[in-house]
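Novice: Take a look at the letters that make up each chain.
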Amino acid sequence: MKKAFWSNANIAVLGGGSFGTVLANLAAQNCASVTMYVRAEEQARMMNSTRSNPDYVKDLVLNPKIKAVSTHEKIFEQEIHLLISALPSHATRSQAKLVAKFMSGREIVLHATKGIEEQSLKRISTVLAEELPVCRIGAISGPNLAGEVVRQDPAATVVASVFDDVIEAGEAVLSTSRFRVYTAHDIIGVEWGGTLKNIFAIASGILDSSGFGWNTKSFLLSRGLAEMVRFGMAMGASAETFLGLSGMGDLIATCSSNQSRNFRVGYALAKGEKLEDVLKDLGQVAEGVRTTRIVYEFAKARKVEMPITEVVYNILQGIWTVEQGVQHLMTRPLVQDEWG
Amino acid sequence: MLSSTYMLIDPRTGSHPAIRFEQHPAVRGEICNLDGKDYRESIIGEDVGRTLQDVSKQDPRLLLEETLYLERLRLKKSRRAWWKSPYLANRNRQDQKFIKKIQAGLKNANGVEEHQELMKAYARHFSTEICGNFEPKVYDFAIRAVPWMFSWLLNAASLKRFLPWGMSESLQTRMRVVGEVEQLQKLSKKGTILLVPTHLSNIDSILIGYVIHLMSLPPFAYGAGLNLFSNPILSFAMSRLGAYTVDRQKVSSIYKNSLKNYSTSILKRGIHSIFFPGGGRVRSGAIESHLKLGLLGTALQAQIERYQENHPTPNIYIVPMVMNYHFVFEASSLVEDYLEQSGKHRFMPNDSSEPFPFFNMLKFFWKLFSTRSEIWVNVGKPLDVFGNFVDENGASIGPNGTIIDPKSWVMSEGELKAVPQRDREYTRILGEKISERYRAENVVLSSHLVAFSFFQALRKQYPQLDLYRFLRLSRAQRMIPMDRFYEEAARSYEVVKKAVDEGRLYLSDTLRCGDVKLWVEDGVRQLGLFHATKVVRVEDNVMAADDMNLVYYYRNRLTGYGFGKLDEASQSRNFLGETDEKGFLV
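Residue numbers (the working numbering), protein chains in the order written: chain S, 1 to 340; chain Z, 341 to 926.
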């Protein structure tokens, strides 16, 4: 029944970035049609004619069911059943405002943004709930490096929502023989997991570029996870969620792979490059830079202990050198190896 | 000087400046159908059907055994009620008989079908007990007699009867009904109203009945605790005024389902209803923080069913209402309950089902009338079943400020249907919204602020003490010189005023005038005026507390906003129901 409904459903994807394109391709395998919204008309035209999106994902052939459009009206020319937002965090609210008036309220909404809104510290699902005329909203998060999903390496993700309606939609639309969808109700934990790991991806880049080995990396991962749990719990998440794909899983992937944008930022930074130049070279958005500052300031105000985050923040700001940061971490008072 | 702010009534017209809405001729409404036996039977039949549906996945034999066990346990516990109230005793006797019958049936039963039959009988037994009646004649009598009785009491109690215009006071003069009354009146014609008031005292139910009449709304169905039926007069009146019976001692799932289903059935039929979503009376005196979602969910269920039947006015509107008193009759025992519960290491007693003494109620009203105390009733902004605000015409306003179609929120996989998990989540969101609205619709009274300021000033003297130790301060320790108190009062006022300007709560008229001497004088006089011991006393320029528990109770009405925290730096996002590290509600 559910499968049958979703195989006749129409999906819309907001955002033509790498993960948005990957998600559109996954959805196209399970649904009747996928409409992709991209900002530039040129990009839409090129995607429709060349059936590829080479600026963001190499080697991907767009499924014939995918149509790219560049105006919001055109997305909703047919009834949309599921809307997937794959926009950077800072663009989510403004884009949501624009699509809101075309929506009927029946749609289910998923987002794949691993970040939070800057001033308000609101999770993306909260931002969407405030701007869209819908209530059923969920998040997609997990160790999903776009290139590997395109290559059809076996991979898994988490779809989280308090609504089973949303979770079931995510399962039916996104799962394929090479892509498994796990589910969770703790959307707070899943969203914060995807957000917080970016901080440690930067730290991981810094470590690799400084030439440290596996001991150091594992040290970073496990104590980084402890910081994620501590912060997540302060935000109302449950600790176990961080042991899953969207927490531990995503942390390992982003901290180990040099494909990750945040990792590349850290790597270049430790080589002595300026932050602005690094970001300019990257061309795409590195959520971690913004996240680090927001999380650091909030954790400080709320007295949540996050020493690694503090170091990453200070290195990003150019206040500390890598060596000073390492010094700071290694000379802290000795404590128990636990989360609380 | 004070009396000018209290000059409420215009003796010539009898109109009341505090009631700023139009009063219409009374309407009867859907509830009058309850008078018909067939109508009641149809509801009971529907309930039984639903209840059986709800438990259809469980093994009927096991469920019956469990129900019988829980019922036997309840009867054993409530043995004491036998001599307290003949009404309850009679009720228990009947239950006992019924249990015996079912037990005998269960022993002889073989096969699922016979179990089903017994289950059906049980569901019917509960539904019949719950189902309320409504007799228009009794209602007409009550709405004439009650105000008359009140005004007689009032004028007998008040010195005003010596004034030239004589018997001019009525209950209206003591009730300050403010807020979205007009919208409520409009919406009651465009859909079904579910009124969800805060609950401080047993008096609430009676006053709400009166407020509904004042607002020219048709009578509402209301779930009344069994203890309210223990008085023969009240019992007679209530069971004929649309009240249905809620027995909180009954905990079996069949009973709980029956209760929920009754509520769904009457809402679905368009009968306006009231429940107290906080469950019982709030123990701490604060605004309710944890709402019971079971009954609340029946609103969404009923609305979905009304959609499915293509009803012309399918919407159900949830209207939060906050009531505030200068004194709460049961405050001492309630706050004691609360402290025992939160103190943990002590035994937590059962929710006492003591019959509510009729005489005490008369005393309450006598006090109310003789002392110029007022009751504030704030009708909150109406919500739809998802917790969205609704506009003038009853259309839902989405979180982004545009009109939304609530129907679309209950479409799953292209179909309009009930989906239990989804609907539970919607109800949870609604519950959160209601408690958020309670906080915002709260009206601070002068007495609350006096209690709050006193408590705060005293806490600053003993910052290291935790709640339980603090409440046991000796008599000599719980005193504050008046000038220190005034200092603190002014500070508290500033903090609260700032929150009021941000739209987080309201001030009563006396507080709005802002003169600290004036509201403190008024607050001290009003604070818990009814209790045997005075709550606070001012003597020789020193303010002293006679009963610390009560100070805590009245002060708690201002918690949930973070005003109560001593350490400014300690941050927390949601204060409702939260305590600081020393156990004080903030």
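There's no promise every hint is true.
Below, a list of computed lysine-lysine pairs in the PhoX-like style, where the Cα atoms sit at most 25 Å apart [claimed, not checked]: (1) Z/Lys447 to S/Lys303; (2) S/Lys300 to Z/Lys747; (3) S/Lys3 to Z/Lys417; (4) Z/Lys905 to S/Lys2; (5) S/Lys101 to Z/Lys747; (6) S/Lys2 to Z/Lys757; (7) Z/Lys460 to Z/Lys437; (8) Z/Lys397 to S/Lys300; (9) Z/Lys397 to Z/Lys417; (10) S/Lys97 to Z/Lys747; (11) Z/Lys417 to S/Lys122; (12) S/Lys2 to Z/Lys773; (13) S/Lys303 to Z/Lys773; (14) Z/Lys800 to S/Lys303.
Because the hints were derived from the structure by calculation, they are not lab data.
Novice: Can you list which hints this structure breaks, lowest number first?
Specialist: 1, 2, 3, 4, 8, 9, 11, 12, 13
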